[in-house]
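A.B. asks: Here are the chains, one letter per residue:
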Amino acid sequence: MNKRTKRLMAYAYMPLVFMLIGYLTMYIAFKPFLDIGFSVADLVIANREFPIGDGLHSIFQPVNITESDTVPMSEIVIPEYGTHYAEISCDRINLSVPIYFGDSKEVLRHGAGQYMGSELPGFGGTILIAGHNTTFFLPLKDLEKGDLLRIVTNYGDYEYETIAIKILDHDDPKAFDLLQRERELLVAYTCYPFEAISGVKTQRLFVYAERINGPDVIEE
Amino acid sequence: MKKSFATICLVLLLITSTGVNVFAASGISADEQRVLDALSQSVTTQAGVSLTLPSRYISQAKTYMLKDGVDLTASQCDQIIAKTNEAAALIAATSATRLLEIPLDVQSKFVEQAKGAASVIGLTLSYNATTRETTVTDASGSIVATSGSTVKQTGTDFSGTFLIGGLLAVLILASGVYAKKSNLFARNNVDLQ
Numbered sequence: 001m002n003k004r005t006k007r008l009m010a011y012a013y014m015p016l017v018f019m020l021i022g023y024l025t026m027y028i029a030f031k032p033f034l035d036i037g038f039s040v041a042d043l044v045i046a047n048r049e050f051p052i053g054d055g056l057h058s059i060f061q062p063v064n065i066t067e068s069d070t071v072p073m074s075e076i077v078i079p080e081y082g083t084h085y086a087e088i089s090c091d092r093i094n095l096s097v098p099i100y101f102g103d104s105k106e107v108l109r110h111g112a113g114q115y116m117g118s119e120l121p122g123f124g125g126t127i128l129i130a131g132h133n134t135t136f137f138l139p140l141k142d143l144e145k146g147d148l149l150r151i152v153t154n155y156g157d158y159e160y161e162t163i164a165i166k167i168l169d170h171d172d173p174k175a176f177d178l179l180q181r182e183r184e185l186l187v188a189y190t191c192y193p194f195e196a197i198s199g200v201k202t203q204r205l206f207v208y209a210e211r212i213n214g215p216d217v218i219e220e
Numbered sequence: 001m002k003k004s005f006a007t008i009c010l011v012l013l014l015i016t017s018t019g020v021n022v023f024a025a026s027g028i029s030a031d032e033q034r035v036l037d038a039l040s041q042s043v044t045t046q047a048g049v050s051l052t053l054p055s056r057y058i059s060q061a062k063t064y065m066l067k068d069g070v071d072l073t074a075s076q077c078d079q080i081i082a083k084t085n086e087a088a089a090l091i092a093a094t095s096a097t098r099l100l101e102i103p104l105d106v107q108s109k110f111v112e113q114a115k116g117a118a119s120v121i122g123l124t125l126s127y128n129a130t131t132r133e134t135t136v137t138d139a140s141g142s143i144v145a146t147s148g149s150t151v152k153q154t155g156t157d158f159s160g161t162f163l164i165g166g167l168l169a170v171l172i173l174a175s176g177v178y179a180k181k182s183n184l185f186a187r188n189n190v191d192l193q
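First to last, the sequence lines map onto chains G and E. Using our numbering, you'd call the opening residue of the first sequence number 1 and step up by one each time. Using our numbering, you'd call the opening residue of the second sequence number 1 and step up by one each time.
It is possible that some hints are incorrect.
Not the full set, but computed from the structure, chain G residues with beta-carbon under 8 angstroms of chain E [what the hints assert, rightly or not]:
hint: 1; residue: I78
hint: 2; residue: Y81
hint: 3; residue: G117
I should point out that these hints are in silico values taken from the structure, not numbers from a laboratory. Note that the structure is a prediction, hence the values are computed from the model and not measured. For every residue, glycine included, the Cβ atom is placed at its ideal position computed from N, Cα and C.
Turn these sequences into a full structure, and let the hints guide you.
C.D. replies: Here you go:
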């Protein structure tokens, strides 16, 4: 390849290189806004059919919810990672969000995510649920002590009363106890503060709600 | 070091998951509870410090045991507890004061155990260098456990936007300074006249 050919080639590849650098720069700069946009779209298109991509799927069909005080464990399917298995809602603050089992970035783009090392509703332990503060869990900023949170699953309809709202560091070891069995405690959290545009947020708004209604899951 | 620590914790979790699926799920059996108790035990190192496995790993192990089709037999639980005790003995022989201080050679032994344990029932341990997380998946590819932090980032991270914005600002400033030093602005004025 002689010098002239090389120079002519440069007219082709240099614009391509700069174009790619330009697109990459724009992607990195605007990715946070794109993520918010996609999450908002997910909020709007709430009634679509599953599967929804990102390896997520749904088993949520609350059609035969028992009215009894107990549910045999054999009737419960422990969801796989990335499975939509419940809905969390609070009428007063206009909260209505799907709950997935697992809390990866992909999951949190589509709804609230339950830490897979925490208990399912009805099991009498700690239920740890995360949601984005710009979309799904934004209504939590208006939540007050005494508000009722409802979790509907395939096997039961659960009600939790908000007993405390705390702002803590994300790594505060006293924020919750995953192994406690004294009471069934819903711990929902999101990044705090809500309005701040910053890098990685280190604080979280933790909502603590105690179960007041819903069937116990029992071993037969 | 952090990666290795996370791997160690997952190894202990993997050891608990080496049972063959026999019956449908029916909660945590007495034998499985013995395994969870073994995992929860504290280990005293040569430094006289008592170390325990973080609760998030134990709770993930418990969730896995609750799944349909995952039931550990008594003999399997015995084997698991024996392996857990061996692992605990390895830690006890060190002079670590924190789990993060466990020597690399001990950590390597854990990793080898993990791979062997995983292959028995088709569980796979993988490390993601980007997210710095170790993940355990089953034969179907479904995630069984992760070493990621319990509390996730649930706000929009604008670090990339700030970085790009800063770089562009520096670039524009540098271009302006260069243009001025090279009299590019002055030359344009001359041309206009």
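A.B. asks: Which constraints among the numbered hints does this structure fail? Numbers only, ascending.
C.D. replies: The structure breaks none of the hints.
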